[in-house]
Amino acid sequence: MALKTDAVGKEWPGTTYQVGREKIKEYASALGIENQVHFDVGEAHRAGFRDVVAPPMFAVVYSSPAIAPAILDPEVELNFAAMVHGGQEFEWDEPACSGDEITTSAKCLSIEEKDGKGFYVFETNSVNQDGAQVARGTWTLIVRGV
Amino acid sequence: MADLNVGDQIAELRVTPDKYLPHRYAGASGDFNPIHIDDQFAKMVGLPRNILHGLYSMGLVAKANAALADGDPRALKRLSVQMRGMGVPEEEIVVTGTVKSVEGDRVVVDTVATQGEATLIKNAEAELEL
Chain P
1 MALKTDAVGK EWPGTTYQVG REKIKEYASA LGIENQVHFD VGEAHRAGFR DVVAPPMFAV
61 VYSSPAIAPA ILDPEVELNF AAMVHGGQEF EWDEPACSGD EITTSAKCLS IEEKDGKGFY
121 VFETNSVNQD GAQVARGTWT LIVRGV
Chain X
1 MADLNVGDQI AELRVTPDKY LPHRYAGASG DFNPIHIDDQ FAKMVGLPRN ILHGLYSMGL
61 VAKANAALAD GDPRALKRLS VQMRGMGVPE EEIVVTGTVK SVEGDRVVVD TVATQGEATL
121 IKNAEAELEL
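The listed protein sequences derive, respectively, from chains P and X.
1 is the number of the first residue of the first sequence in the numbering used here; add one for each residue after it.
1 is the number of the first residue of the second sequence in the numbering used here; add one for each residue after it.
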């Protein structure tokens, strides 16, 4: 069965996420990250950040609300039940700090079939309230048995 | 910057996620897919038990690399991973890395995360500014 590829190139409107100190703490704690710049505003200031700063992989937290509607879009026709997260890339620029409002947009880069599996690749682009680039993500989702 | 050369090993990171780690990570990340937090559901869909979030394992890879910059969150510029085997709670994860290239203050590290016989993250490439 040929994969439906109509959604390649489709873009989804941006979602905005407000970064908060407690959420950064919760994320850093789950990962066992101990650097106090993620917990204490004084330490963050001393290290040159405007507020408590998020660990890089916090990108998952502020960009997931943008990727979810893309994955679930009926036009993409991605079989969520048979999906595995096969690959992920992030590139970081400006650090994400508490108080930031980060807007993330999503785009479908490609849909391809290889060895009976569907490879769905999405890109997210996150910018902060000043228009500064924060992170770019490439999400590779693999669907078995297409 | 750290005095690193091609072929150097980064400090190994060993973590044993406890039984409730997937629940805490679900809360922290917002990913409540039941395969991660509901053992019965996971078994019903053919998994050995509830499994770790792939992005949690990627988070450990990020942490192991950030340690090269004493945990400075500005150091990691790019991280690209392939997620393969399924990680499970209550078994030790080992993250190892080898310096692949050094150009000025830019260092690229090849990183792998394993758990017993399973490879959770492979072909991970971390680019750091040190």
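Honestly, the hints are just simulated from the structure, not real lab data.
Mixed in with the good hints there might be a few duds.
From the structure, some residues in chain P lie toward chain X, with a derived Cβ separation under 8 Å [as the list claims (entries may be wrong)]:
hint, residue
1, 30
2, 41
3, 42
4, 45
5, 64
Restraint-style ranges between C-beta atoms, simulated for each label pair [as the list claims (entries may be wrong)]:
hint, chain 1, residue 1, chain 2, residue 2, range
6, X, 18, P, 130, 38 to 48 Å
7, X, 30, P, 34, 42 to 52 Å
8, X, 4, P, 79, 24 to 34 Å
9, P, 79, X, 101, 20 to 30 Å
10, X, 118, P, 82, 16 to 26 Å
11, X, 14, P, 26, 16 to 26 Å
12, P, 84, X, 94, 14 to 24 Å
13, X, 100, P, 93, 16 to 26 Å
Output of the computed footprint for chain X on chain P, the stretches with three or more beta carbons under 8 Å from beta carbons of chain X [said to hold, decoys possible]:
hint, stretch
14, 6-12
15, 19-29
16, 32-39
17, 51-57
18, 117-130
Small disclaimer: the values here were computed from a predicted structure and weren't measured.
Here a beta-carbon is modelled for each residue, glycine too, at the ideal position from N, C-alpha and C.
Hints, one by one, checked against the model:
1. Because the beta carbon of residue 30(P) sits about 4 Å from the nearest beta carbon in chain X, less than 8 Å, this interface hint is met.
2. Hint on residue 41(P) is violated. Least Cβ distance to chain X is approximately 15 Å, over the 8 Å limit.
3. Hint status for residue 42(P) relative to chain X: violated, with the closest Cβ pair at about 16 Å, above 8 Å.
4. Checking residue 45(P) against chain X: minimum C-beta separation of about 14 Å lies over 8 Å; hint violated.
5. Restraint check, residue 64(P) versus chain X: the minimum CB separation of about 6 Å is within 8 Å; hint holds.
6. In this structure the supplied range 38 to 48 Å holds for residue 18(X) paired with residue 130(P), their Cβ-Cβ distance being about 39 Å.
7. The hint said 42 to 52 Å for the Cβ distance between residue 30(X) and residue 34(P), and at roughly 23 Å that hint is violated.
8. About 44 Å separates the C-beta atoms of residue 4(X) and residue 79(P), a value inconsistent with the hinted range of 24 to 34 Å.
9. In this structure, residue 79(P) and residue 101(X) break the distance hint of 20 to 30 Å, their C-beta atoms being roughly 39 Å apart.
10. Checking the proposed 16 to 26 Å range against residue 118(X) and residue 82(P) shows it holds: the Cβ atoms sit about 21 Å from each other.
11. Range check, residue 14(X) to residue 26(P): Cβ separation about 23 Å, and the 16 to 26 Å hint holds.
12. The hinted range of 14 to 24 Å is satisfied by residue 84(P) and residue 94(X), whose Cβ atoms lie roughly 22 Å apart.
13. Restraint check, residue 100(X) to residue 93(P): a C-beta distance of roughly 22 Å satisfies the suggested window 16 to 26 Å.
14. For the stretch 6-12 of chain P, the stated coverage by chain X is violated: 0 residues have a C-beta nearer than 8 Å to a C-beta of that chain, whereas at least 3 were required.
15. Chain X is given as covering the stretch 19-29 of chain P, and this holds because 4 residues of the stretch bring a CB closer than 8 Å to a CB of that chain, at least three being needed.
16. A stretch counts as covered by a chain when three or more of its residues have a beta carbon under 8 Å from one of that chain; for the stretch 32-39 of chain P and chain X the count is 6, and the coverage holds.
17. Check on the stretch 51-57 of chain P: 5 of its residues sit with their Cβ under 8 Å from a Cβ of chain X, so the three-residue criterion for coverage holds.
18. Against chain X, the stretch 117-130 of chain P contributes 0 residues with a C-beta closer than 8 Å to a partner C-beta. That does not satisfy the three-residue criterion, and the hint is violated.
Checked against the numbered hints above, the structure breaks hints 2, 3, 4, 7, 8, 9, 14, 18 and satisfies the rest.
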